[in-house]
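Engineer: Here's the letter readout for the chains.
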Amino acid sequence: MTISRRDSLALGAAALGAASIPLIGARAAFDDVPTADVKTPEFKVEKGASLHMIRPAKFIDPDEIFWKKNTEEFIKKTGIEVKVDFVSWEDLRPQLAVVANTGAGADIFVSFGADPHIYADKLVEMTDLAEYLGAKYGGWYPLSLLYGQKWKTKNWLALPLGGGTGPVLYRKSWVNEVGYTSIPNELDKFLDLCQKLQKAGHPWGMSLGHALGDANGFSEWLLWTHNAFVVDEKGKVALDSKETIAALKYATELQKTMIPGTLTWNDVGNNQAYQSGAIGMTFNGVSLYYSMLKSPDAKVQAMAADTFTQDTPYGFSKVKPQSAAPISAMIFKHSKYPNAAKEYIRFMMEKEQYGLWLSSCLGYWCQPLKAYSKMNFWNSDPKLKPFAGALDSQFYDGYKGPISAASAAVIANYTVVDMFASAVSGNVTPEAAAKQAARAAERYYKKA
Amino acid sequence: MDATTADIGLQRLTFTRKPDGIVTRVFDNKAFLVFLCLLPTIGLLLVFLTYPLGLGLWLSMTDATIGQPGEFIGFDNFVYLMEDPIFWMSVTNTIFYTTVATVGKFALGLWLALLLNHHIPFKAFLRAIVLLPWIVPTVLSSIAWWWIYSPQFSIVSYVIVDVLHLRDTYINFLGTPWPARWSLIVANIWRGIPFVAITLLAGLQTISPSLYEAALLDGASGWQKFRRITVPLLMPILAVALTLSVLFTFSDFQLVYAITRGGPFNTTHLMATLAFQRAIPGAQLGEGAAIAVSMIPFLIGATLLCFFGVGRRKWQQGEAND
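First to last, the sequence lines map onto chains A and B.
Heads up, the first sequence is in this note's numbering, so the first residue is 1 and it goes up one at a time.
Heads up, the second sequence is in this note's numbering, so the first residue is 1001 and it goes up one at a time.
Honestly, the hints are just simulated from the structure, not real lab data.
All the pointers check out, no bait thrown in.
Covered stretches of chain B, going by a simulated chain A footprint (3 or more residues, C-beta under 8 Å):
#: 1; segment: 1059-1068
#: 2; segment: 1144-1156
#: 3; segment: 1169-1183
#: 4; segment: 1256-1266
#: 5; segment: 1278-1287
Estimated spans, in silico, between C-beta atoms of each pair:
#: 6; chain 1: B; residue 1: Trp1182; chain 2: A; residue 2: Trp89; range: 24 to 32 Å
#: 7; chain 1: A; residue 1: Lys318; chain 2: B; residue 2: Asp1168; range: 38 to 46 Å
#: 8; chain 1: B; residue 1: Val1161; chain 2: A; residue 2: Ala302; range: 21 to 29 Å
#: 9; chain 1: B; residue 1: Phe1122; chain 2: A; residue 2: Ala302; range: 43 to 51 Å
#: 10; chain 1: A; residue 1: Ser276; chain 2: B; residue 2: Trp1088; range: 34 to 42 Å
#: 11; chain 1: A; residue 1: Asp85; chain 2: B; residue 2: Leu1233; range: 50 to 58 Å
#: 12; chain 1: A; residue 1: Lys336; chain 2: B; residue 2: Lys1030; range: 51 to 59 Å
#: 13; chain 1: B; residue 1: Val1161; chain 2: A; residue 2: Asp188; range: 27 to 35 Å
#: 14; chain 1: A; residue 1: Ser50; chain 2: B; residue 2: Trp1178; range: 54 to 62 Å
Every residue, glycine too, gets a C-beta built ideally from N, C-alpha and C.
Starting from the given sequences, assemble the full structure and let the hints guide the process.
Structural biologist: Spelled out as structure tokens, the structure:
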């Protein structure tokens, strides 16, 4: 079934509005994924195997519905019992630490970003499975390789399942109103757009508060668009630079164009403000667009129709200055059934299952394997396009240096976010903010 | 059996008895028996108090991270914290927060207790309702406060701006350091009042009405009755309530973590939230433990101050009160 771009929105809205299970995904899942002819590896499933998996909780319903549906399919086919726990994002890392350090509990753990690198010595290597999937599905995206493989090796620590990214979402009518047809790529023009939007009564907003995803993503964007970075290739802290100062000064100007209160926003702050019509532009994952499409409220649906998406402005960066938060599946060495676990993950990554899950979530967890980008649903709605390339990026948390416990700690401790927040609020000078943050980052990198 | 036969029986027993076995002698030893009876308690204390505390102390002197057991590094964590402006801000925040919130809670709590001590209609119902803020799980009420302080959806801002037209813009409660701190203190006071009010009310009820009657006969004024009868007799329970309240407030975590998460840019972190932030999400277990350990001297100091400063009573030293 092919859907033209023109009627995609109406169909999408109708399908999503009528039931929480979108039709586009369910129909198109199977035959639109190009695959290479590769022999399926045979993992010798242990006798009497049963699996326990922990993964992040859903943000949108189909994520959980279709994950469960696929899992039931696996249970029916293999007779291997699989118990899946959906754990809230905040609790995920503490639970992972407990499982890893006690060597008991879940066989498979799905967690964020650098986690596989932190627990590398406790994980079953996944090279065989990753190479098979890569060969069959057109190869892995750069971010999948970065996060899945041990730094500078070809050994796979974990299997990336997907990742979300946060491009610009904006109200087209409001942006047009102030004389722009789309979001400009140049930083000065982008600032001009923001100033005009604010004057027109439709300011934009992006969190520099303690919002793990949004604020870190926004501050990384500020750094990368100015060619600034936290550490160099060797993992030496290079944050205190003239590029960082320039980014801080730019952020200060940008902050003046935002709706008040963004420094207090958590990860839902911009979603709420955008959906209430208080702001006209923000950076966010597909969940915001998805929930507006799905809304029973006609006014919100009209908002979704007026919402357009685009990659974040490039600034001085040559490539898209936008990373993604990948989730990866790890199998622990303490598991009694590592082969069953591999078989389960393989099953979930095959197109019959993965395609269904991916398209039903409108790419909420965007694919780590290139072949899935060919799925029809990505073209069904042009607004999904910036989300499709989530893992096709050169940038990652702790960019330029190795992925490590230190790069994760800088993110978790809001080191860069607080640097921007304290400078844009005028609490300290940009120079002092950069020094302070560099000092904090150095402590984490020294330990690693 | 009369006294004589009993005596004879006893005598015979002592004469015919074999020398005590080692077990009997050990169990006859008073010191051993005392030790034996204390054993369950000691065990409980060791497992549930000493071990976690000891582990915390040990962790604070290691560079443990989540995932790595870490090595002993002496006082390095503390030395680093001494130079860490965010840590010092959390210390001053905690002291400020505890002091102001405690004063607020006791002033309003005492006032409420005095009001509730009068004969008013629906007394039982009102007393039950007063407890509500304290009964509701803190996380729930924190989320309610988070909405109240929201920069876009605040009910307070709505009333002031859209209903009363007193301001043009919504109030940015949590966006800058000082308003954010005060907002948290208000929420903490709101939550703490019931505990103080109900405890002090219990104290008020134990004061014999005859004292007030006697004072009335002596022609004492309302203030004199309060100053000379209510306050001194309320002191013992006030000291206990104050100690507990200070401890709760000093180690408060949920309210701050749910409302500001330490933001904006770490200016509302308390020691407890900073310890958690660094130890669990930040994975720096050793450093987090060091922050938590740094709370101990403050807590001991605050407890001693409350206990001996406010209510130096004989019963607190194990004697009867007079």
